[in-house]
Amino acid sequence: MIPFGNEQPRRPEEKGPFVFRLYVVDEGPSSARAMANLSAICKNHLPDNHQIEIVDLLQDPRRVLSDKILATPTLIKLSPAPVRKIIGDLGEEAKVLLALGLQQRTT
Amino acid sequence: MGSPTENQDVAGLHKTPTGIEGFDLITGGGLPRNRTTLLLGGPGSGKTVFALQTLVNGARQFGEPGIFVAFEENSRQILINAASFGWNLPELEKKQLLFVDAKMRPDVIKAGEFDLSGMLAGIKAEADARGARRIVFDAIDVLLTLLDDRSAERREIYRLDDWLSESGLTGIITAKSQGDDPFVGEGYGFMQFMADCVVALKLRVVDQIALRYVQVMKYRGSSFAENEAPLVIGASGMEVADISATTVAPETSQARVSSGVERLDAMLGSGYFRGSSVLITGSAGTGKSILAGAFAEAACLRKEHTLYVSFDENPSEVVRDLSSVGIRLGPHVKSGVLRMHSARAEASSAEVHLMKIKGIVREHQSRCMVVDPLSAIVKAGGALTAGRVAERLICLAKSEGITLVCTSLLQGAQPLSEETPVQISTIADTWVHLTKISQAGERNRALSIVKSRGMKHSNQVRELILSDQGIALADVYTAGGDVLMGTARWQKEAAEQAEQERILAEVEHKRREVALARVELGARIEALEQELKQKQAEAERSIGAEARRKLDLAKRRKELEHSPSAKIFKKRPDNSQGAGKKTTPGRRSPKGDGQ
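Order-wise, the sequence lines are chains A and B. Here our numbering = 1-based position in the first sequence + 18. Here our numbering = 1-based position in the second sequence + 74.
Because the hints were derived from the structure by calculation, they are not lab data. Be aware that one or more of the hints could be misleading.
[Stated by the list, open to error] Have a look at the derived ranges for each label pair, beta carbon to beta carbon: (1) 157(B) x 101(A): 30 to 36 Å; (2) 45(A) x 155(B): 24 to 30 Å; (3) 301(B) x 54(A): 37 to 43 Å; (4) 224(B) x 84(A): 56 to 62 Å; (5) 101(A) x 226(B): 23 to 29 Å.
We put the beta carbon where it would ideally sit given N, CA and C, even for glycine.
Could you build the full structure based on these sequences and the hints that come with them?
Pasting the structure below:
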């Protein structure tokens, strides 16, 4: 169960690319942390196998209601199924990996 | 305590009316405009209803669109829950009302710190687009629990507050408090400090009856009524019973209405004052309901719309029971002149009862009202509340110009004590007291007028007699300091009757005796007169004979004197006069002129 950061995880490509959408508020400190944490996770666990869409709610505020975003930052894993919603700055990496289904694959 | 009148605020403080009846009065106009109001209350105290009603009223009455952000309940659930209030939410939702589902789904994973800035930005955009003027954040406590960190909670609350003051919206934030006291637990102290207005809603259960109250705890820059005010959630939403603000300004009337009992009308002058309130007290079975029923029937016969509120008795029972003493309400119920309203006292709080009665009175346009018994309201959640409700019921009747007759049961073993359990005797205009007097093996009903404002009234006790012909009042007798009623009164009456008859008979007897005596004496007088006449006639006859005889004698003497033989007797003329003749008694004068 202990992740080994540099060890190659099992090929996530089997499931196709990971598509993320991250809702942020520009200039918000937690949003900045979330972007940093997400890119680190992707780099470590999903190299070359991910897409990240960043939505700045200050730029596009109507998406708050249409996409039902309560907290910022919010990360949505759109694919592979199932769709997952994670709120917070993604600072608790273990929880994030578990939620994304990446944790098991690393062992 | 601030008096809830308008225009007492410091300069620049504008208010947003909630449209909740009573609440705008105690706050002098509503919630602070463009500022934050914190609404605290335990579970089920009515926070959501209050907040939602403020939005609905804003949209419907004041043309102010609103946004409802629900952290705890799904907006569909809220719509369903509020459907019974008849606010027509689905229609409002199309334009003037926006529901934002901010309930965190359970499958959302929290991994790290987050804030509300994104959501607030989104809502701001929506509010601007819709021209919203009011916003509610319902159950902020649910969101705060998610933050799971005191400092983060504080940070987000301040963010919300800043956002609200910048947005120009009038905001209501609701939060659950634990128990009755919103200051206990949870540590919302900073929220209370931050908010411009803090309103606490309370739910208490007294004798298994739910009682709601609202209390304004803080209102920056404004005076307000500080006391708890009863709150009712009824068929069309929430209502605050504003005790302090109730103004009684009824038109006083000199007109009278019949009490339904002729003699009672006479005792009062000529009936109750129109628009006054009458209290009939008495212990069980003294005839309170019947007296009230008589009033109702009289009102119906005058074609006045009448409301009969009976606690703990069905309308049909009331009608049946009253018909046994000749009070017929059935036809009036049918014609709609009489409206019967029955309620189980324990079923809801006194406030709720009052609200229902109010609704019916307005709809039915009642002119007269009977509440039987008002004391049942005591069962509906404590004497204190009941007293206030009773007071407000009387105020309601007064302000609507309704003549109100209510009965009140006297509890306990002191039938002669004239204390009403509900202390309304002071505000009732007329107080009729019924007692049962136990005497000589029977109990009889006695009626007296304890007070009657503004009219002369009899100070005498009357006996109340019920029969299938109706109600009658009878004089009572006092004998040796005791009031005689029932059989004793009847006996006394009978005895007096007999005495009177005896006297009459005696008089008659005397009169006859006199008449008889007169007849007898008359007869005797007649007999004597007859006798007298007879004697007179006899006397006359004898006098006549004497006179004739004398004349005859004189004549013969003359003849003799002229005859030749006359000289012979001329020698002794005196002796010849009386000799050989029958004469009248000696006392007669010789000339015989006595008769």
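For each hint, the structure was consulted:
no.	hint	in the structure
1	157(B) x 101(A): 30 to 36 Å	holds, 32 Å
2	45(A) x 155(B): 24 to 30 Å	violated, 39 Å
3	301(B) x 54(A): 37 to 43 Å	violated, 55 Å
4	224(B) x 84(A): 56 to 62 Å	violated, 33 Å
5	101(A) x 226(B): 23 to 29 Å	holds, 27 Å
Of the hints listed earlier, those the structure fails to meet are numbers 2, 3, 4, in rising order.
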